[in-house]
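First to last, the protein sequences are chains L and G.
Mapping of the first sequence onto the numbering used here: residues 866 to 1142, in sequence order.
Mapping of the second sequence onto the numbering used here: residues 2 to 238, in sequence order.
Each hint can be trusted.
Taking beta-carbon pairs under 10 Å as the criterion, some of the chain G residues facing chain L (in silico): (1) PRO42; (2) HIS44; (3) GLY55; (4) GLU59; (5) PRO60; (6) LEU91; (7) LEU94; (8) ASP129; (9) TYR151; (10) PRO152; (11) ARG154; (12) PRO207; (13) GLY209.
Covered by chain G, according to a simulated footprint, are these stretches of chain L (three or more residues, beta-carbon under 8 Å): (14) 873 to 886; (15) 889 to 900; (16) 921 to 933; (17) 1000 to 1008; (18) 1076 to 1088.
Worth flagging that the hints you see were computed from the coordinates, not collected in a lab.
Backbone N, C-alpha and C fix where the C-beta goes; we use that ideal spot for every residue, glycine too.
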Amino acid sequence: MDGYNFAYLDEQTKRMIRRALLKAVAIPGYQVPFGGREMPMPYGWGTGGVQLTASILGADDILKVIDQGADDTTNAVSIRHFFQRVAGVETTTATTAADVIQTRHRIPETPLRSGQILVFQVPIPEPLRFIEPSEQETRLMHALEEYGVMHVKLYEDIARYGHIATTYAYPVKVDGRYVMDPSPIPKFDNPKLDGNPALMLFGAGREKRLYAIPPYTRVESLDFEDHPFEIQSWEHTCALCGSDHSYLDEVITDDKGGRMFVCSDTDYCQTRRGEVA
Amino acid sequence: MENRAVTKEKGVVQESGVVKESGVVKEREMMNEAWPGLADPAHDSQRLFRQILGAMSEPGTLATLALPAPPQVTPSDALGAALWGVMLTLCDLETRVWIAADLDSPALREALTFHTGARITDDPANADFALLTHASFDPQTPFALGSDTYPDRGTTLLVAVERLANAEPWILSGPGIETTRALDIGDAAGCHLLMDRLAANRASFPQGLDVIFGCGAQLAAVPRSTRVTRADAKEVN
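For reference, chain L alone in the conformation it holds in the complex (with noise of 0.2 Å):
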């Protein structure tokens, strides 16, 4: 595309990005402040992904964008299509296929493999912000490792429900020192992020900060020994493949109470009643 650098940053923005992602590399899930840009699209949809996937991206890449596990919703289809125009890349809904898949509150179910770099759009990086809303306090919090707060939280769940009630963006801790937000992915991906052979990175464009979770590192989930940590299942298979180990989105098909269960992933779901027809 005319007028534009390869992949649209200028590569004065692409170096500043990819010294950040160094350190937060070095440094697994510590949020790197760096300079986000204004990109053609409104916060919340994914600048901060972009920006990295900007930074890293060569011509000979493989792109795949999922947006809540799936290929083929608006935001994945614009993001696909953005880097297509300002790259010229070649893109994929293949999972195995793919060089770098940026994703937006998912995980994909087939296992990435080694190479693979997973780019996971975040909205808000901090995972205390709701319990201490001072950026200066929670930066304090983070170097004094002081996250009881954060068990407090937890705790008040299972005191007012009986459970812990929160089921997406739950935190972790990651290589036993800092408390990390693993972006509104479902609890139920959150084993998917330790010892994940693939390298994990996370934008937050409006809170411009990156993070990043290195190959093989070890990621728990915050809990405790009487409630340990679990991930959702369901009482469904998937209506389309009959997988009944993914992740079930639920789908209303009529206002007479009908609904079905289906997979989230549309490419393992896909690839599945493939092997299956």
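Put chain G on the given structure of chain L with help from the hints.
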């Protein structure tokens, strides 16, 4: 203020060359011949960065960077193609670079300023990147380690070492490493001092030093998150 300083430095480079326009072009050609830049800056720097990112996210893995080697200008020839590639990929007018005496030369300074616009600093505590060799590594050099609140504000060391191989005596583990990975950077006293310093990173985490090793076109990295032990440490204890 900082911008003015850069302009002034660039001015110095041009003044030392020829003032006429054709002369400047000629100087650029000579510089490219002597100290190679990136032929295709957008794509070459992306390719090199992905290799550096891979090395940093999987500590101890070896990468071979494909770019022309810098010229044989003593003593700066010890730098090697890999570390020169890291400089070209990551440095610009926003970064400050500290150069150890045993690598420093007017040619290197001029080439670095010419290709990247990076500012050269004499204060290691103020440097984003430090260029050194295992021989000039001194544990007492006050490189920036970051603070507990901003651990990212630390110096990244770029160290030219004797050799790079996935062999003992050093054993790495931690993030980016499935079980353990062996790394050998050489036998010299400086190599031991350096790895001992990196082993001490864990005690001060999240403050610490991140290091990128270079040997010719080969590169490996050991960030501060890595646990470093000696293969024979158990026998000693």
